[in-house]
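Asker: Sequence:
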Amino acid sequence: MKFREVLIYNGEQFKVPQGIQRIDARSTHGWQLRYGGTKFYSDSKFEGGAGGALAAANTELGKRIAKLPAPTRLKPERNANKGNDLPVGISGPIVRERRPNVRDCSFSVLLPRYGESPRRSSVYIASESTYTIERYQQALQKAIEMRQKAEEAYQRAATKVKRQESKTWQAEAGDLAIKKRKPAARKAASSARA
Numbered sequence: 806m807k808f809r810e811v812l813i814y815n816g817e818q819f820k821v822p823q824g825i826q827r828i829d830a831r832s833t834h835g836w837q838l839r840y841g842g843t844k845f846y847s848d849s850k851f852e853g854g855a856g857g858a859l860a861a862a863n864t865e866l867g868k869r870i871a872k873l874p875a876p877t878r879l880k881p882e883r884n885a886n887k888g889n890d891l892p893v894g895i896s897g898p899i900v901r902e903r904r905p906n907v908r909d910c911s912f913s914v915l916l917p918r919y920g921e922s923p924r925r926s927s928v929y930i931a932s933e934s935t936y937t938i939e940r941y942q943q944a945l946q947k948a949i950e951m952r953q954k955a956e957e958a959y960q961r962a963a964t965k966v967k968r969q970e971s972k973t974w975q976a977e978a979g980d981l982a983i984k985k986r987k988p989a990a991r992k993a994a995s996s997a998r999a
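Per this note's numbering, the very first residue in the sequence shown carries number 806; after that it's consecutive.
Think of the hints as simulated: they come from the structure by calculation, not from any bench.
Take every hint as true, because none was put in to throw you off.
Below, simulated BS3-like cross-link-like pairs (lysine-lysine); rule was C-alpha separation at most 30 Å, straight line:
(1) K965 x K954
(2) K947 x K880
(3) K965 x K868
(4) K872 x K965
(5) K844 x K965
(6) K820 x K844
(7) K820 x K965
(8) K820 x K872
Given the sequences, and given the hints that come with them, work out the whole structure.
Answerer: Here it is as structure tokens:
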């Protein structure tokens with residue numbers, strides 16, 4: 806998970822995970838969670854001020870990551886400037902001349918892969934002499950299914966990585982909280998003995 810250091814209006818500095826933004830306006834100060842919708846955590850509503858509000862936002866972020874799919878950069882809809890009405894990630898038909906006077910056509914399908922470069926695949930439609938509307942429709946359906954399967958695999962992989970990052974981040978945050986509590990507990994115990 807990506808983090809950044811945020812210096813707020815009163816000089817306090819916080820390590821903030823991706824998905825949480827700082828809002829400091831004249832009338833309000835707090836953290837805004839931006840993952841699966843937005844939610845604002847005002848400094849004034851939490852004990853500890855900005856630190857307490859950030860802790861509450863972090864907790865909610867962890868819960869949302871655990872149950873919601875990870876956001877992706879995949880385009881959900883085709884570009885309005887696209888020259889045809891084919892779905893996102895599908896181009897064509899592409900006509901190629903394989904041998905002299907023998908042409909065939911196919912669709913090109915862009916298959917996204919999480920953490921890797923996308924792969925291009927070709928779906929054969931027909932040759933010039935065997936082309937029919939039915940073959941076109943069948944090839945288009947196959948291309949759409951290929952793209953959907955690749956998008957689903959991408960989404961699963963992105964979500965898995967995001968959840969693993971969240972578990973690691975929460976474990977580290979828990980370790981820090983334990984380390985902060987232990988010295989105070991030791992001090993109280995030594996005061997009780999004296």
